[in-house]
Amino acid sequence: MFALVDCNNFYASCERVFQPQFRNTPIAILSNNDGCVIARSDEAKKLGLPMGAPAFKYKQFFKENSIEVFSSNYPLYGDMSSRVMSILRQFSPDVEVYSIDEAFLVLNTIENDNLNKLGHEMRNRILQWTGLPTCVGIAPTKALTKISNKIARKFPKETGGIFVINSEEKRIKALKWTKIKDVWGIGRQLQKRLTQQNIKTAYDFTQLSDAWVKNNFSITELNLKKDLEGITTLTLEDDHPVKKSIATTRSFENTYTDINDIKERVATFANSCAEKLRKQNSNCNILLVLLQGNRFEETSQSYKNSTTIVLPHSTNSSLTIVNYATKAIETLYKKGIKYKRAGVIVTELVPTDNHQLDMFARENPKHQPLMKAIDDLNNKYGDQKLKLANQDLGKTWKMRQEHLSKQYTTQFNEILIIK
Amino acid sequence: MITEALTFFTPDTQESEGAIFFDTGIPCGFPSPADDFKQDRISLDRELIKNKEATFFARVSGQSMIGAGLDDNDLLVIDRSIAPTHNKIAVCFLDGEFTVKRLRVESDGVWLQPENPDYQPIQVTSENNFVIWGIVTNVVKKL
Numbered sequence: 001m002f003a004l005v006d007c008n009n010f011y012a013s014c015e016r017v018f019q020p021q022f023r024n025t026p027i028a029i030l031s032n033n034d035g036c037v038i039a040r041s042d043e044a045k046k047l048g049l050p051m052g053a054p055a056f057k058y059k060q061f062f063k064e065n066s067i068e069v070f071s072s073n074y075p076l077y078g079d080m081s082s083r084v085m086s087i088l089r090q091f092s093p094d095v096e097v098y099s100i101d102e103a104f105l106v107l108n109t110i111e112n113d114n115l116n117k118l119g120h121e122m123r124n125r126i127l128q129w130t131g132l133p134t135c136v137g138i139a140p141t142k143a144l145t146k147i148s149n150k151i152a153r154k155f156p157k158e159t160g161g162i163f164v165i166n167s168e169e170k171r172i173k174a175l176k177w178t179k180i181k182d183v184w185g186i187g188r189q190l191q192k193r194l195t196q197q198n199i200k201t202a203y204d205f206t207q208l209s210d211a212w213v214k215n216n217f218s219i220t221e222l223n224l225k226k227d228l229e230g231i232t233t234l235t236l237e238d239d240h241p242v243k244k245s246i247a248t249t250r251s252f253e254n255t256y257t258d259i260n261d262i263k264e265r266v267a268t269f270a271n272s273c274a275e276k277l278r279k280q281n282s283n284c285n286i287l288l289v290l291l292q293g294n295r296f297e298e299t300s301q302s303y304k305n306s307t308t309i310v311l312p313h314s315t316n317s318s319l320t321i322v323n324y325a326t327k328a329i330e331t332l333y334k335k336g337i338k339y340k341r342a343g344v345i346v347t348e349l350v351p352t353d354n355h356q357l358d359m360f361a362r363e364n365p366k367h368q369p370l371m372k373a374i375d376d377l378n379n380k381y382g383d384q385k386l387k388l389a390n391q392d393l394g395k396t397w398k399m400r401q402e403h404l405s406k407q408y409t410t411q412f413n414e415i416l417i418i419k
Numbered sequence: 420m421i422t423e424a425l426t427f428f429t430p431d432t433q434e435s436e437g438a439i440f441f442d443t444g445i446p447c448g449f450p451s452p453a454d455d456f457k458q459d460r461i462s463l464d465r466e467l468i469k470n471k472e473a474t475f476f477a478r479v480s481g482q483s484m485i486g487a488g489l490d491d492n493d494l495l496v497i498d499r500s501i502a503p504t505h506n507k508i509a510v511c512f513l514d515g516e517f518t519v520k521r522l523r524v525e526s527d528g529v530w531l532q533p534e535n536p537d538y539q540p541i542q543v544t545s546e547n548n549f550v551i552w553g554i555v556t557n558v559v560k561k562l
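Taken in order, these protein sequences are the chains called A and B.
Each residue of the first sequence is one higher than the one before, starting from 1 at the first, in my numbering.
Each residue of the second sequence is one higher than the one before, starting from 420 at the first, in my numbering.
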């Protein structure tokens, strides 16, 4: 049997653990730079606040509805997530962390009574130890746990947050209840084509013939169909798959016209990419730099350009990556445009320890120990105390985060104060 | 036709430092007599944190619990996995504010007992917005 454990409104719930006064208040969490709404509490959803709502357009809406607004506090969410995942590993050695707030588990009990009890134990332990509410879906396959989890979430009173699919009857009832658009892995395109075939529910989908699904779609959809039929085809995937590309793209807090301002931003983004590369022990071979004008301004809105650089050797050195990224800006920059957004993407990643040695061009061997020293210091003293000289030293925290809560669990000077 | 195999040499770009530094023990002489008795060094983390997933830190503000040894600015180690019972010192959330007090479960209900004669015990009623947030297991003081 598989279980899917999903934290309810994870970001909002994390904020509530440390600010319980907002337990019943509608909450909205904003994206990096306080751009748009990326997470909502149930109360905020009920008020009709849409996902992705631009914060500046909804200022009045937040006020009128007394919605408590937070900037995203990823250090806090990351720590709370790792607590949840580590509690789940106490229930099963086989855990797949699917996202920051959900995980699949392989369960080895077969008795139906025990499964329900086990689900309650997981839920209660996570709630008591971390303060985070979850829902647990248990079923014979991964795709079915997605559905049972949804049922648990939708009917909290009836299910107590746990739903087990452990009979044919329950499976069919659950599939008939599930709209095709809500099936895990059915994207918008696929959904359109299925609706044309008059496929409205997950159950309808399973009534199609294997051959038809395979011929009209692909093996992926066929596997999904089998999983929905209760035949295990999808298994746990490895934890922490190494990312194939890393991106840091952001809007600026103001528009910039001076090339030096843009270079500084791009240096910071490139440095952040290099740090992430080192964290996952990768080097990159290709660098993409993007630059975009202000979308709300007539002469600048159409400007959007990017360039790709093939690096002479694979690297994760901030010095090298920042150097190439800022050079790229010189080719992308045009006078007279108000720039609002830039990005750096590193791709063609290879593991650091077996990158090819190029006879003629290779990294200065001093970079590696230097980067390690920088990373160690920044880990110890908090974010970005040590920077490269082409990053702006005056601007210590560039992201707009007007509603940021404390980093209660990762910074000593920000822990809870208790009277 | 015979093609001779090519041998590539990678140039050594490392600059000489003049002397070579060994950071491991020199592999000769007598082994340390302590090697067989090696133990992990004492760790405060291990001592103070019994359940790391459920442990949080907080700082005390004020002296309402001075009698229990909790002074202004002391660091609290809070374990959320411990069941709240009579006489435990608990971090509670009461009517919009965090507070640390000793729990007293009496026949007339739950009381939050300060350990300072200047403060009054608080009876928790159904009128209160009340949550027991976690149990204090240790206090760390800076001298």
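I should point out that these hints are in silico values taken from the structure, not numbers from a laboratory.
None of the values given here were measured: they were computed from a predicted structure.
Where a beta carbon is used, it is the ideal one built from N, C-alpha and C, also for glycine.
Among the hints, erroneous ones may be present.
[As the list claims (entries may be wrong)] Pairs of lysine-lysine, BS3-like flavour, derived with a Cα cap of 27 Å:
| no. | chain 1 | residue 1 | chain 2 | residue 2 |
| --- | --- | --- | --- | --- |
| 1 | A | Lys244 | B | Lys471 |
| 2 | B | Lys561 | A | Lys117 |
| 3 | A | Lys157 | B | Lys457 |
| 4 | A | Lys304 | A | Lys244 |
| 5 | B | Lys471 | A | Lys380 |
| 6 | B | Lys457 | A | Lys406 |
| 7 | A | Lys406 | B | Lys469 |
| 8 | B | Lys471 | A | Lys117 |
| 9 | A | Lys406 | B | Lys560 |
| 10 | B | Lys471 | A | Lys406 |
| 11 | B | Lys471 | A | Lys279 |
| 12 | B | Lys457 | A | Lys419 |
| 13 | B | Lys561 | A | Lys63 |
| 14 | A | Lys366 | A | Lys334 |
| 15 | A | Lys46 | B | Lys507 |
| 16 | B | Lys507 | A | Lys380 |
| 17 | B | Lys560 | A | Lys380 |
[What the hints assert, rightly or not] Cβ-to-Cβ under 8 Å is the rule here; a few derived chain A residues that face chain B:
| no. | residue |
| --- | --- |
| 18 | Gln21 |
| 19 | Ser86 |
| 20 | Phe91 |
| 21 | Val95 |
| 22 | Gly131 |
| 23 | Ile262 |
| 24 | Ile417 |
Here is what the structure says about each hint:
| no. | hint | verdict |
| --- | --- | --- |
| 1 | A:Lys244 / B:Lys471 | violated (32 Å) |
| 2 | B:Lys561 / A:Lys117 | violated (45 Å) |
| 3 | A:Lys157 / B:Lys457 | violated (55 Å) |
| 4 | A:Lys304 / A:Lys244 | holds (24 Å) |
| 5 | B:Lys471 / A:Lys380 | holds (20 Å) |
| 6 | B:Lys457 / A:Lys406 | violated (41 Å) |
| 7 | A:Lys406 / B:Lys469 | holds (25 Å) |
| 8 | B:Lys471 / A:Lys117 | holds (24 Å) |
| 9 | A:Lys406 / B:Lys560 | holds (23 Å) |
| 10 | B:Lys471 / A:Lys406 | holds (20 Å) |
| 11 | B:Lys471 / A:Lys279 | holds (23 Å) |
| 12 | B:Lys457 / A:Lys419 | violated (44 Å) |
| 13 | B:Lys561 / A:Lys63 | violated (43 Å) |
| 14 | A:Lys366 / A:Lys334 | violated (35 Å) |
| 15 | A:Lys46 / B:Lys507 | violated (40 Å) |
| 16 | B:Lys507 / A:Lys380 | violated (34 Å) |
| 17 | B:Lys560 / A:Lys380 | holds (22 Å) |
| 18 | Gln21 | holds (5 Å) |
| 19 | Ser86 | holds (5 Å) |
| 20 | Phe91 | violated (12 Å) |
| 21 | Val95 | violated (14 Å) |
| 22 | Gly131 | holds (7 Å) |
| 23 | Ile262 | violated (34 Å) |
| 24 | Ile417 | holds (5 Å) |
When held up to the earlier numbered hints, the structure conflicts with 1, 2, 3, 6, 12, 13, 14, 15, 16, 20, 21 and 23 and fits the remainder.
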